[in-house]
Every structure is written in C-alpha cells, then in structure tokens.
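Q: Next come the chains, spelled out residue by residue.
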Amino acid sequence: MIGYAGADLAIALINVILLGLLFVIGVAIARMRSLFAIVMLSGIYSLISATWFVALDAVDVAFTEAAVGAGISTALLLGAMLLTARTAKPETGAMRIVPILVVIATGAMLVYATIDLPAFGDPDSPANTYVGTDYIERTPQEIAVPNIVTAVLASYRGFDTLGETGVVFAAALSVILLLGFGERSLSATFKRKKDKS
Amino acid sequence: MAEARSDHHVILRVVAKPLIPIIALFALYVHFHGDYSPGGGFQAGVIIVVAVVLYALIFGITPAMRAVPPVFARTLSALGFLIFAGVGVWALFMGGNFLDYDVLFNEEPGGHMGQHYGILMVELGVLFAVAGSMLSIFYAFAGRVTEIKDEDW
Numbered sequence: 001m002i003g004y005a006g007a008d009l010a011i012a013l014i015n016v017i018l019l020g021l022l023f024v025i026g027v028a029i030a031r032m033r034s035l036f037a038i039v040m041l042s043g044i045y046s047l048i049s050a051t052w053f054v055a056l057d058a059v060d061v062a063f064t065e066a067a068v069g070a071g072i073s074t075a076l077l078l079g080a081m082l083l084t085a086r087t088a089k090p091e092t093g094a095m096r097i098v099p100i101l102v103v104i105a106t107g108a109m110l111v112y113a114t115i116d117l118p119a120f121g122d123p124d125s126p127a128n129t130y131v132g133t134d135y136i137e138r139t140p141q142e143i144a145v146p147n148i149v150t151a152v153l154a155s156y157r158g159f160d161t162l163g164e165t166g167v168v169f170a171a172a173l174s175v176i177l178l179l180g181f182g183e184r185s186l187s188a189t190f191k192r193k194k195d196k197s
Numbered sequence: 001m002a003e004a005r006s007d008h009h010v011i012l013r014v015v016a017k018p019l020i021p022i023i024a025l026f027a028l029y030v031h032f033h034g035d036y037s038p039g040g041g042f043q044a045g046v047i048i049v050v051a052v053v054l055y056a057l058i059f060g061i062t063p064a065m066r067a068v069p070p071v072f073a074r075t076l077s078a079l080g081f082l083i084f085a086g087v088g089v090w091a092l093f094m095g096g097n098f099l100d101y102d103v104l105f106n107e108e109p110g111g112h113m114g115q116h117y118g119i120l121m122v123e124l125g126v127l128f129a130v131a132g133s134m135l136s137i138f139y140a141f142a143g144r145v146t147e148i149k150d151e152d153w
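Those protein sequences? They're chains G and F, same order as listed. In this text, residue positions in the first sequence follow the working numbering: the first is 1, and each later residue adds one. In this text, residue positions in the second sequence follow the working numbering: the first is 1, and each later residue adds one.
The set of hints was computed from the structure by calculation and includes no laboratory data. Any given hint could turn out to be false.
[Said to hold, decoys possible] Residues of chain F clear of chain G, computed beta-carbon distances all greater than 10 Å: (1) 8; (2) 9; (3) 10; (4) 11; (5) 16; (6) 17; (7) 18; (8) 19; (9) 20; (10) 28; (11) 59; (12) 90; (13) 93; (14) 103; (15) 139.
[Claimed, not checked] Derived list of chain F stretches under chain G, where covered just means 3 residues or more per stretch with a C-beta under 8 Å from a C-beta of chain G: (16) 41-53; (17) 122-132.
These figures come from a predicted structure and were not determined experimentally. All C-beta atoms in this analysis are idealised placements derived from N, C-alpha and C, irrespective of residue type, glycine included.
Turn these sequences into a full structure, and let the hints guide you.
A: See the structure below:
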C-alpha cells in the first residue's frame, strides 16, 4: 500500500502546504463581510486548488479549474456582485453555531470514509485496474490519440460530452431568459450618445 | 467613449492590450493541441472568453459588445451544439452509429483519420458552445450595470 514511488517527503510537504493554504483561505472567506474580497479570495482558492491538482497529476482537471474557477467565474461573480450589495449582512445570535456543526459533522464523515479508500497512487486500486488499464491499452490502437483523456472524453464517451455541451448551452439559455441578453446597456449607451448630439 | 473617461488606468490598458491577442492565440493552441497535451475545446472556449472579458473589464462593456455582439455570442453557442450533434448525424449518414467517428471517411480498417478529425470537429463544437455560452452569461450579468466606476476598483 505504501509502495508508491512518488510518495516521498517533498510531495507530502507540498500537499500539506497547499491544503493548509486552502484551509486558511476557506476560514478567511467564512469570516469576511466584504463581497469583493470574498470574490477575489475564491479566485485565489481556485488557483491554489489547480496547483494542488497538478501535484495530484490531474493536469486536465487543474487546467479546467484554473480557466473556469480562477478565470471566468471570478469575472462572473464580480458582475453578479455589482448587481447587489457590497457587504454581506452578519448572521444573528444562535443560528451562527449551526453551519459550523454541519461542517464539522460532514468533515468527520468524510475523514471516516477515507479509511476505506485505497492509498494514493496505488496501482492495485479498483480505479487503476479494470476500466483504467483497458482504456490505456486500447487507445493507441483504436483511437491513436496521444492524450488518453481526450480520447475518452470525445470518442469513448462522446454521448456524455454531447450532453455536457447541451448542459452548458442550456445554462446560457436559462441565464439569458432570467436576466436578458445584456443588450440593454448597449442600447442605453447609444441613446445617451444620441441625446448628447 | 474615450472623452468621458479619466486616465487612471492607462498602464493597465497599455499592458492589457497586447495581452488580449496572446490569450486568444493561446486558446487556439490549447484547442488544436488538445490531442497531445492537457486541454481541449472546453478549456479553449473558456480562455477565448477570458480574452473578451479582459477587454470588457479594461475598456468597458459597451465596446466589448460592439466588438463581439451578444447576438454573435448566442448564435455561436447554438452553432457549437449543432456542430457536435451534426458530426453524430454525419456518422449516421455514413452508415455507422451516432458519433462513431471511424466511419466518417470510409477508410480501411486500422485508419485513424476519422477519429482524429472527428475528435477535432467535436471539440470545435464544444469550443463554440462553451465560448458562446460563457460570453452570453457574462453579457447577461455585466450588461445590467453600466460600467465599473473608478471608485469601485
């Protein structure tokens, strides 16, 4: 179980530091009231999670997290924040204890669940033996694409990706239906110009 | 537009301007290199939108909407989904299963051109759909307020 070659002290240290940073940022976000600072900190949170995914060898996930979590969703959250108040209201009295109890209970359950998990990078774990090895063995002959993630995503599970694309499209449609096309500001600017001239 | 704006962010503007085409170019690299390295249509679509969002943050939402109109964004989104589904239907017409790229070009067994181009086209569909959708969402949020005021930075 411990025989994974890369599990040396340096990687363990990097993991501890990155997770510690994530913890600190999480606590800071929970304690903060300024929405602008919270949006910025959540962007930093995404960036550090991306770094951590690289440390876990999940480069594709890290790429997506950096592009979506740190990039576009920070901009979207900023746009959403500008539509509402700049500071969050503080919670009142006794209800403040409930969220921390929920978080502690969930965390304890997750830690309890990790006891059953295989060791990190274990070559004999179920995830690495059946389907995983199958894809790795078949991709060079059947798809001939060097990046197996792309082969699985677009070829073996094309239906899945088609559905995902549909979900993204549907998300855009719902936002447009709820908020409008955003062309109002464009026409408002035109009107302002016309009034001036 | 420029006459009303104070010039606090001139360094920001000068630095961001050359960055925007580089970001867009990097997005294309991510897309067309998706077979070989991490990345693909989804990430590339998001990165292209980041270039437009950066333009909107620096120069204001209205110039961005004039450069990349909202109608273009939502058309792109629908077009991407149609491209993805269209490759599937194309495979159906060639006598294969839906999204079966092997039959696309009628090649001998063992040829991988269909897989290569099928994956590339499908990822292009993903790129269009993601870029159009993300940009539409950004416009929907950002278009409701006029502009970020100087004191809000």
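Q: Which numbered hints are broken by the structure, listed smallest first?
A: Of the numbered hints, just 15 does not hold.
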